[in-house]
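Undergrad: This is what each chain is made of:
There are 2 protein chains.
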Amino acid sequence: MSETISPLAPKKYPKMPAIEGVRIATAEAGIKYKNRTDLLAMVFDEGTAVAGVFTRSKCPSAPVDFCRENLSGGKARVLVVNSGNANAFTGKKGRETTSMTGKAAAAAAGCTPGEVFQASTGVIGEPLDANRFSHLLAGMVKDAKAEVWTEAAKAIMTTDTYPKVATATVKLGDVDVTINGIAKGAGMIAPDMATMLSFIATDAPIEASALQALLSKGVAPTFNSVTVDSDTSTSDTLLLFATGAAAKRGAPKITDAKDARLAQFKRALNKILKNLALQVVRDGEGARKQVEVTVTGAKSARSAKRIALSIANSPLVKTAVAGEDANWGRVVMAVGKSGEPADRDRLSIWFGDNRLAVDGERDPNYSEQETSAYMKRDDISIRADIGIGRGKATVWTCDLTKEYVAINGDYRS
Amino acid sequence: MSETISPLAPKKYPKMPAIEGVRIATAEAGIKYKNRTDLLAMVFDEGTAVAGVFTRSKCPSAPVDFCRENLSGGKARVLVVNSGNANAFTGKKGRETTSMTGKAAAAAAGCTPGEVFQASTGVIGEPLDANRFSHLLAGMVKDAKAEVWTEAAKAIMTTDTYPKVATATVKLGDVDVTINGIAKGAGMIAPDMATMLSFIATDAPIEASALQALLSKGVAPTFNSVTVDSDTSTSDTLLLFATGAAAKRGAPKITDAKDARLAQFKRALNKILKNLALQVVRDGEGARKQVEVTVTGAKSARSAKRIALSIANSPLVKTAVAGEDANWGRVVMAVGKSGEPADRDRLSIWFGDNRLAVDGERDPNYSEQETSAYMKRDDISIRADIGIGRGKATVWTCDLTKEYVAINGDYRS
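Just so you know, the protein sequences line up as chains A and B, in that order. Under our numbering, residue 413 is the last one in the first sequence; the count climbs by one each step, no gaps. Under our numbering, residue 1413 is the last one in the second sequence; the count climbs by one each step, no gaps.
These are calculated hints, taken from the structure and not from any lab test. Ideal Cβ positions, reconstructed from N, Cα and C, are used throughout, including at glycine. Just so you know, not all the hints are guaranteed correct.
Said to hold, decoys possible - In the BS3-like style, the derived pairs of lysine-lysine whose C-alpha atoms are separated by at most 25 Å in a straight line are:
1. B/K1012 <-> B/K1271
2. A/K274 <-> A/K217
3. A/K402 <-> B/K1376
4. B/K1034 <-> B/K1075
5. A/K145 <-> A/K299
6. B/K1299 <-> B/K1171
7. B/K1142 <-> A/K92
8. A/K299 <-> A/K75
9. B/K1171 <-> B/K1217
10. B/K1012 <-> B/K1075
11. A/K376 <-> B/K1402
12. A/K299 <-> B/K1092
13. B/K1103 <-> A/K402
14. B/K1011 <-> B/K1075
15. B/K1376 <-> B/K1075
Said to hold, decoys possible - Calculated Cβ distances over 12 Å to all of chain B for the following chain A residues:
16. R36
17. D45
18. E46
19. L71
20. K93
21. R95
22. K171
23. R261
24. T296
25. S381
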């Protein structure tokens, strides 16, 4: 947790309501951090369905392996998350830790270890001793409360400078259902996949397979379209829990993601995913500006996304934004290096509404003064039109500042 | 040109001998920089063969297009290089500039425009007016001298903090032949391709097709294995000229790159390519440390190189090196994110001779103290053994410092 809050932090936080069927507890286990909470338990009523997406890293953490295995059961009763140690690349010890934690959490919640989910975030490669926190779980489950979502978001922070929460209440059938989400960043953020930790819960009665379909589709234009530094974590985990408690109030039970009654719910879920993903970007390590990169006119949507990520991950583009320099030449460079089909002489580039380049050269009407003024904003939008097709994609990133280097040159020690 | 010379600059520079058949001139054209040379002309005797490799960018600069076209002729009489403006993404105007420069240089050297080669380095997207410097070419060609190679290296610098030169004299047959090379970096350095500007000349009599084969093979483990920031320039150009003047002294004429008499020459050429490539890395923007990344035990050599580049391009690995932190967890992350075949539980990692991780977890015998002492060196070596095959590759990069951000947040303005 940094001393200085990101200048891009939300101006105000929503009041997080309870989700029927979810109770939350946090604790100070002292795993690495002192004088702050670093352990989260989220307890779910029986019948809670779960869906998840994980890092595509070939070297995932032990908790990611644990969750992937349990996900096939589709049922969740308790989630345990710690910050300060990622339990990644910890070999056999790492698996023993997730196994012990799974058993302790199951005993505390009165369920099987197959209904436990876990995530760990922090340093890689340090053994995480389950004994440091597993004894706390029984008390936490017992004392868990409904309305402490923001506390939950705080307990999972590492280099985050603010807790990330989002909520929405929408109709499912004629009944109000609520979706709450929390997330943490803030480095090693890159597609593909969830790119950090995020936990979302709803009281809507949605079966696991339908829930999974909603989540898998929802992450593509949200969590899988943000990048801070192109570095994919070993631990990225996004879990979505549905307690089904709203069924008692008459909400229809949903078994198919294509069910027309889900329209409002889908929109709200996708909005929360995007909201949380952008909060992660806006708290990117050292971030001073959010950058939205849109590519249009590419050969395909897939090609557009690759070009957009090439721009968003370019250190030279990101440092230019940090320096408030509308250096569109570096955008050309990033389009060129993506390896995707492009025609230099059809390329156009905008910063905000300012077109800087058109048909492969500097726009004759481009105003350096207006663009310089634009670059002073907190939110910068870059658009590149490739001019050869109809493929389109948008991704989000932040600038690359000296603070990023300071934070990461100095994290472990 | 920076005020502060990189701490990794060579402690001493070689005395650059003349290459028979090559004459050099530099001038202050004032294209962007003041009070320094920014224009280079290299004049070659009739019969000079040329080979080249260029950026793989889909948006190459106008001079790259110009050189690619002329390369098929295989003959060179004059090379014109300017710094301060890359003549990239300058559309029709850019092509007019290379065409005008080609004609002016041809008139000056008494050759056809097809025997002219050009390169430009500096800001992208600003039109480059050939009239700013083309009138100087006739005088430069006339006054060109043999022994000013270091002056040539200075004229092509942009954010470089020192000129990059290398030389070797070896036997071809029974005759001494000499190879001289110059290069410039220092940002936008990444494979694949030459990753900057470099010009090499020899008096050895080697035919263009053999010369091209030597160069294409030589760049893979040298210039194509260095990366500063993963950003591939629009302008990367590496040209190799062979005047053939040593034939008069009895050097054998070489028509095939496989000719056994080339053994010494090949070794010397490859050494110069590596020497110049590493000088580029050691002058990477803001670099304080050189990092050699070796991957062994990968599924294939190609896979090893991809993993090595994933490590070398990771901002988190590079900032850790800057912070003198042996954060091997980030190496695990970078192996994982490469997408290449890997088995977490067989992975081993070394910083220098210090094995930090073995069989997928922290090495029980790892000494934090010794490794910390190692990280204070200027030259850091990272090795990752993937443990699944025999593929091997080495790449070089530098650390990512606050100075990199400062230089690039502030370059254009």
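Undergrad: So A/S381 supposedly isn't at the interface. Is its beta-carbon more than 12 Å from every beta-carbon in chain B?
TA: Holds: least Cβ distance 19 Å, greater than 12 Å.
Undergrad: CA of B/K1011 to CA of B/K1075, is that 25 Å or under?
TA: 36 Å, violated
Undergrad: Could you check that no beta carbon of chain B comes within 12 Å of the beta carbon of A/R36?
TA: 22 Å, holds
Undergrad: Hinted pair, alpha-carbon criterion (25 Å max): A/K299, B/K1092. Please report holds or violated.
TA: 24 Å, holds
Undergrad: Is the Cα-Cα distance between B/K1012 and B/K1271 25 Å or less?
TA: Cα-Cα ~17 Å, so holds.
Undergrad: Please settle this one: A/L71 was flagged as non-interface, so is its CB more than 12 Å from every CB on chain B?
TA: 19 Å, holds
Undergrad: Does the alpha-carbon distance linking B/K1142 and A/K92 stay inside the 25 Å limit?
TA: 73 Å, violated
Undergrad: Holds or violated: A/K299 and A/K75, Cα atoms, limit 25 Å.
TA: Cα-Cα ~41 Å, so violated.
Undergrad: Since A/K93 was said not to touch the interface, does its Cβ keep a gap of more than 12 Å from each Cβ of chain B?
TA: About 6 Å separates A/K93 from the closest Cβ of chain B, which leaves it inside 12 Å; violated.
Undergrad: According to the definition I'm using, a residue is off the interface if its beta carbon is farther than 12 Å from all beta carbons of the partner; does A/R95 meet that for chain B?
TA: 10 Å, violated
Undergrad: Against chain B, does A/K171 hold up as non-interface, every C-beta pair farther apart than 12 Å?
TA: 41 Å, holds
Undergrad: Holds or violated: B/K1376 and B/K1075, Cα atoms, limit 25 Å.
TA: 48 Å, violated
Against the hints set out earlier in the document, violations occur for numbers 4, 5, 6, 7, 8, 10, 13, 14, 15, 20, 21.
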